[in-house]
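Q: Chain residues, written in single-letter form:
2 protein chains.
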Amino acid sequence: MNENYYGVIMAGGVGTRFWPMSLTARPKQFIDILNTGETLIQQTFNRMTRVIPPENIFVVTSKMYANTVAEQLPAINVDNILCEPIRRNTAPCIAYAMHKIALKNPKAAMVVAPSDHIILKEDVFEEVILNALHAAVHNNWLLTLGIKPSRPDTGYGYIQFDESDTNDGEGNIFKVKSFTEKPELDLAKAFLQSGDFLWNSGIFVWSLPAILEAFTIWLPEISQIIARGKAWFYTPDEQSFIDKAFPTCKAISIDYGIMEKASNVYVHRADFGWSDLGTWGSLYENLSRDENGNAIVGKQVMAYDTKNSVIHVPNEKLVIIQGIDDAIIVENENILLICKKEDEQKLRFIVEDVRRKKGDKFV
Amino acid sequence: MNENYYGVIMAGGVGTRFWPMSLTARPKQFIDILNTGETLIQQTFNRMTRVIPPENIFVVTSKMYANTVAEQLPAINVDNILCEPIRRNTAPCIAYAMHKIALKNPKAAMVVAPSDHIILKEDVFEEVILNALHAAVHNNWLLTLGIKPSRPDTGYGYIQFDESDTNDGEGNIFKVKSFTEKPELDLAKAFLQSGDFLWNSGIFVWSLPAILEAFTIWLPEISQIIARGKAWFYTPDEQSFIDKAFPTCKAISIDYGIMEKASNVYVHRADFGWSDLGTWGSLYENLSRDENGNAIVGKQVMAYDTKNSVIHVPNEKLVIIQGIDDAIIVENENILLICKKEDEQKLRFIVEDVRRKKGDKFV
Chain A
12 MNENYYGVIM AGGVGTRFWP MSLTARPKQF IDILNTGETL IQQTFNRMTR
62 VIPPENIFVV TSKMYANTVA EQLPAINVDN ILCEPIRRNT APCIAYAMHK
112 IALKNPKAAM VVAPSDHIIL KEDVFEEVIL NALHAAVHNN WLLTLGIKPS
162 RPDTGYGYIQ FDESDTNDGE GNIFKVKSFT EKPELDLAKA FLQSGDFLWN
212 SGIFVWSLPA ILEAFTIWLP EISQIIARGK AWFYTPDEQS FIDKAFPTCK
262 AISIDYGIME KASNVYVHRA DFGWSDLGTW GSLYENLSRD ENGNAIVGKQ
312 VMAYDTKNSV IHVPNEKLVI IQGIDDAIIV ENENILLICK KEDEQKLRFI
362 VEDVRRKKGD KFV
Chain B
12 MNENYYGVIM AGGVGTRFWP MSLTARPKQF IDILNTGETL IQQTFNRMTR
62 VIPPENIFVV TSKMYANTVA EQLPAINVDN ILCEPIRRNT APCIAYAMHK
112 IALKNPKAAM VVAPSDHIIL KEDVFEEVIL NALHAAVHNN WLLTLGIKPS
162 RPDTGYGYIQ FDESDTNDGE GNIFKVKSFT EKPELDLAKA FLQSGDFLWN
212 SGIFVWSLPA ILEAFTIWLP EISQIIARGK AWFYTPDEQS FIDKAFPTCK
262 AISIDYGIME KASNVYVHRA DFGWSDLGTW GSLYENLSRD ENGNAIVGKQ
312 VMAYDTKNSV IHVPNEKLVI IQGIDDAIIV ENENILLICK KEDEQKLRFI
362 VEDVRRKKGD KFV
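Protein sequences appear in the order of chains A and B.
Following my numbering, the numbering of the first sequence begins with 12 at its first residue and continues without gaps.
Following my numbering, the numbering of the second sequence begins with 12 at its first residue and continues without gaps.
Keep in mind that the hints were calculated from the coordinates and are not lab data.
Among the clues, some could well be false.
Given that identical chains are not distinguished, each listed pair holds provided it fits within a single copy or across any two copies.
To be verified - Lysine-lysine pairs mimicking BS3-like chemistry, simulated, CA-CA at most 27 Å apart:
(1) Lys328 x Lys369
(2) Lys186 x Lys132
(3) Lys159 x Lys193
(4) Lys318 x Lys352
(5) Lys351 x Lys310
(6) Lys369 x Lys310
(7) Lys310 x Lys368
(8) Lys318 x Lys369
(9) Lys193 x Lys357
(10) Lys200 x Lys352
(11) Lys186 x Lys310
(12) Lys368 x Lys318
(13) Lys351 x Lys328
(14) Lys318 x Lys193
(15) Lys351 x Lys255
(16) Lys318 x Lys351
(17) Lys159 x Lys188
(18) Lys352 x Lys328
(19) Lys352 x Lys368
(20) Lys272 x Lys318
Please model the complete structure; the sequences and the hints are all you need to start from.
A: Quick look at the structure:
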């Protein structure tokens, strides 16, 4: 395995989109949401180790999840668990990992990935990542992985690529023309039809020199704030430096801060069964379904006259469903949610309402 | 209070119609199903004490519920808890209580009532019972209480009365012409329209001599089997006698065994907000409902875009319902049921299916 290859897993999210499965105390990345026996961060870590030595993998997370990360990833070097004292979006998070890695290995090439996505075809993922790392090592490119869209999804960001500007032998790496935030349905349909757009996976590949240079050009303050602490990195004083310095970084995404501005941005087209699992609908798509189209997680669920529902309940609970179609039925930690699938987008308002009326203990 | 008045509460039911609220280990009569602060048997007992001295009230129940009865009715004389070793329908149950009371007070008049019905207008109930007891003491009548029907309910038995044969000053006691089991809807509608039919409440009022005579005529074997044990009644040997004798009685209802056959059967018309709470639908009718028609028991239920549903969940559980109309949502003892109200009649098959697939522990 190439010792210059490094991985950075971003695991600071506190997403409530999967509420009540995902709670602030244990967000989605720490849940075995697909009932496979591994949590999403475990899947992400194990997937990376196909290409990257385990000791080269870093996880950036919130302080409150540091223990959970250590528990769930016994193979990780605990020095590689980086704790953000406060959330500052992805750019400061990546800058922190970047400078940590720079101290270890100036010849590093890095894969940066969210901790809570799923990828079904791990062998294809491995190929793509190796290809992208190889390209990143030999070019001063900032690579992002773009997923071949299969439907006009309005929940994803899109990347427009320049088909004429193919930069690898297999025709899978293209120069990026533009990034688009989540589009309206009509626009998404047009994107899909044009063939020039890919879903933005939020997985990045670049060499250390390339990303250092990009920060120096586009986000110099953030890079400098973190770099000032290098003397304390890998010492007992690192955390107290970060606790003071990190909050002074502005909160900005790597997409907005660098990828949308830099001219050396390329996309590696990929098709490896990816989902950001951002919605119950996407979870439903990724769970195996019975003959009635029900996606059931839970060992004692008995469904009668029930179709196309997603049911996610504890194994010890007997759950009887009679005549409820197209529903989301979830129980976790003494919270029960019963919701029509079509109303899923109302969940964020519901969660806010719960927070307002019941306080934080249920969120 | 008249010391000749006695009460018999029948509390041996193991009904699963309210499953999973009602479980074999704790059936409906022992549950505060209306969330009033009292279980149904507590309500029944307390209602009786408006007319009957507490020490004159007997409860006939299954052995397995004897402790529950004693716990829930601290005012009861524990000698008055009669334990059936096996269920034998209502006639043997009533014969047992009858002979126990006969030993105490040959001048007794008795009210016999199920333990799991509700009566909203307790002052009207008190009036009716006093009137019926008075009539029973002065006549050799077997009285049953008939409820003025408010809808063509197909879940109740009906009593046809002879309007011309009014036997009390207020015109509320009539000779019974016939009993009808649960009718089809068309017949129930005809019953309602005719004005000659009342719902059969299963509440009986009679003097001890009248019911003793009726048993001697119509069910002599049952009466004799029980009467043979009189020497052991109120002694430590009573239970072992009953354990042997009771199962030798044939299983038969008092309705079929006596009331439908005897010629001295009268009905006292009444209208005191009665329901046998035999269905979730009837529970729904009897629970208070919010502005969206939802009947909610549970302190932390938040319902959005949800109408006409009955929700019965533990107070400590946060339950969020979004967009689910006309449903029954019940959680009890690690069992969750979600069912359309219109499918309620399928519940008994579901409960049987649960018993078959999961064994008795969930039933």
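Q: Does each hint hold? Answer for all of them.
A: Structure-based check of each hint:
1. Lys328 x Lys369: For Lys328 and Lys369, both the intra-copy (25 Å) and inter-copy (12 Å) Cα distances are at most 27 Å.
2. Lys186 x Lys132: within (25 Å within a copy, 80 Å between copies)
3. Lys159 x Lys193: within (16 Å within a copy, 63 Å between copies)
4. Lys318 x Lys352: Both ways: Lys318 and Lys352 sit 12 Å apart in one copy and 17 Å across, limit 27 Å.
5. Lys351 x Lys310: Classified as both: same-chain Cα gap 22 Å, cross-chain 23 Å, threshold 27 Å.
6. Lys369 x Lys310: between (30 Å within a copy, 11 Å between copies)
7. Lys310 x Lys368: Close across copies (12 Å), not inside one copy (33 Å); limit 27 Å.
8. Lys318 x Lys369: Answer is between: at 23 Å across copies they meet the 27 Å cutoff, but 32 Å inside does not.
9. Lys193 x Lys357: within (18 Å within a copy, 45 Å between copies)
10. Lys200 x Lys352: So Lys200 and Lys352 pass the 27 Å test inside one copy only (22 Å; across, 40 Å).
11. Lys186 x Lys310: Neither: 48 Å inside a copy, 57 Å across copies.
12. Lys368 x Lys318: between (33 Å within a copy, 21 Å between copies)
13. Lys351 x Lys328: both (21 Å within a copy, 20 Å between copies)
14. Lys318 x Lys193: neither (30 Å within a copy, 34 Å between copies)
15. Lys351 x Lys255: neither (45 Å within a copy, 56 Å between copies)
16. Lys318 x Lys351: both (12 Å within a copy, 14 Å between copies)
17. Lys159 x Lys188: The answer is within: 16 Å in one copy meets 27 Å, while 79 Å across copies does not.
18. Lys352 x Lys328: both (22 Å within a copy, 22 Å between copies)
19. Lys352 x Lys368: Cα proximity of Lys352 and Lys368: one copy only (24 Å, versus 29 Å across).
20. Lys272 x Lys318: So Lys272 and Lys318 fail the 27 Å test inside a copy (46 Å) and across (51 Å) alike.
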